[in-house]
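The residues making up each chain are set out below.
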Amino acid sequence: MAACTVYSTQSLSTNCSISTPSKTQLSFHQKQVVFYTTSRRNSKRGINSGRSYVITCAASDQQTVVIGLAADSGCGKSTFMRRLTSVFGGAAEPPKGGNPDSNTLISDTTTVICLDDYHSLDRTGRKEKGVTALDPRANDFDLMYDQVKAIKDGIAVQKPIYNHVTGLLDPPELIKPPKILVIEGLHPMFDSRVRDLLDFSIYLDISNEVKFAWKIQRDMAERGHSLESIKASIEARKPDFEAYIDPQKQYADAVIEVLPTQLIPDDNEGKILRVRLIQKEGVNFFSPVYLFDEGSTISWIPCGRKLTCSYPGIKFSYGPDTYYGNEVSIVEMDGQFDRLDELIYVESHLSNLSTKFYGEVTQQMLKHADFPGSNNGTGLFQTIVGLKIRDLYEQIVATRAETPVAAKA
Amino acid sequence: RIQPVRAAPDKISEKVEESIKNAQEACAGDPTSGECVAAWDEVEELSAAAKDARDKQKEKDSDPLETFCKDNPETIECKTFDE
Chain B
1 MAACTVYSTQ
11 SLSTNCSIST
21 PSKTQLSFHQ
31 KQVVFYTTSR
41 RNSKRGINSG
51 RSYVITCAAS
61 DQQTVVIGLA
71 ADSGCGKSTF
81 MRRLTSVFGG
91 AAEPPKGGNP
101 DSNTLISDTT
111 TVICLDDYHS
121 LDRTGRKEKG
131 VTALDPRAND
141 FDLMYDQVKA
151 IKDGIAVQKP
161 IYNHVTGLLD
171 PPELIKPPKI
181 LVIEGLHPMF
191 DSRVRDLLDF
201 SIYLDISNEV
211 KFAWKIQRDM
221 AERGHSLESI
231 KASIEARKPD
241 FEAYIDPQKQ
251 YADAVIEVLP
261 TQLIPDDNEG
271 KILRVRLIQK
281 EGVNFFSPVY
291 LFDEGSTISW
301 IPCGRKLTCS
311 YPGIKFSYGP
321 DTYYGNEVSI
331 VEMDGQFDRL
341 DELIYVESHL
351 SNLSTKFYGE
361 VTQQMLKHAD
371 FPGSNNGTGL
381 FQTIVGLKIR
391 DLYEQIVATR
401 AETPVAAKA
Chain F
410 RIQPVRAAPD
420 KISEKVEESI
430 KNAQEACAGD
440 PTSGECVAAW
450 DEVEELSAAA
460 KDARDKQKEK
470 DSDPLETFCK
480 DNPETIECKT
490 FDE
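Top to bottom, those sequences are chains B and F. The letter at position 340 of the first sequence is residue 340 when you use the numbering used here, and the numbering goes up by one with no holes. Take any residue in the second sequence, note its place counting from 1, add 409, and you have its number in the numbering used here.
In case anyone wonders, no lab produced these hints; they're calculated from the structure. Among these hints, one or two may not hold up.
To be verified - Computed footprint of chain B on chain F, listed as stretches where at least three residues anywhere in the stretch have a Cβ under 8 Å from a Cβ of chain B: (1) 425-433; (2) 443-454; (3) 459-469.
Built from N, CA and C at the ideal position, the CB exists for glycine as well.
Model the full structure from these sequences, guided by the hints.
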């Protein structure tokens, strides 16, 4: 019997690795199946006749890469998701033919699930108990862990659907293991078991001033809403937000912090933003982006002959720092672009972007010029994080291909 | 199989309005009670859902031809060929 190993890094369902003469391993995309045979076929060749052979079919080298994205509701998770899926190519769409209120988005490579689907209490249940959706008691972390773990192991699951319109838990939908699973919501890093399943984690940290400005933009047109009601809603949720959501940022590999600008004194319009990309050092498969010289502290104003900026201009900063006791590198952009195509000038001065070709960041930004944040640091850093995740995914897949998983006897 | 009915954006708007009224009432007595906090959380959830519905509607309205062609790809104004 010949020993051979066949694997490919990219294809989805046809990865085979056939190791050792006594153990045969075949990989399929889904479930584990184990065959035992006691064949005497090889007796002529004198190889261990009568011995049992084990064929393991596992998702070994096509294991799903899991990404966690945490942010408060109404803070631009969906824009981030659209930028991320666009980096991988192909548009993300809701599952076809299912529940029209499903929160899931599926593209060729990526499936995004919303963690609200793991609410253990529906809207009425939370009202009766007097808890918010931010409260861990309103969420089923055991089910979240079980299902994310199953998907990571290549097993499809029936995931509940939390209907945001009716506030009820709808019948479940089938989620098949994708190449990349993104879990987005309020608590992706809250439970330590779920946290340990994540290959990369991101926290979108919106300052209170900006959150208020964004919610005014979102809600003022809505009947019944007023400045007071928007303020009251933010204030009422604040204690739970600070107790359960905010502490998750210490675990994130990348934090995107959105603050009011410092270029205009006392600005509270929330239109011009100071955005910081806080990148943890020493994370596997993730090398932080830097400006000019890695590890130095730099302040850079690109406006001048080569980049047109109107008031208040653009200011970049970069430097090492500590964040919740971790070594981090921070890239910061304050201000906004007037002409998006001039972003190429900024891109050419940033290093470690994980682009496939010169100008890819600019191209991605131009592709979605109509998305919110495309002319400031939110769009820029979200795009960069998207490229970083693609790089991380490709490295993880390549590493798995190098070390064929041992057959389970 | 039970197929939930999708609420129309109009209906969500009404729900938002109602939930704000409820929250203001619930908080009249004690602004830190669980009842009050849960009521404002409901306002946030419905406001976010209303925004999603508005975005979906806006996307539909933004290009009438695209919307038409999704349902009628065979018509003469919608045919595209890759050569």
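Quick rundown of the hints versus the structure:
1. Given as covered by chain B, the stretch 425-433 of chain F passes the check, having 7 residues with a CB less than 8 Å from a CB of that chain where 3 are the minimum.
2. As drawn, the stretch 443-454 of chain F meets chain B at 12 residues by the rule of a beta-carbon pair under 8 Å; at three or more, the given contact holds.
3. Counting residues of the stretch 459-469 of chain F whose CB falls under 8 Å from any CB of chain B gives 4; the rule of at least 3 is met.
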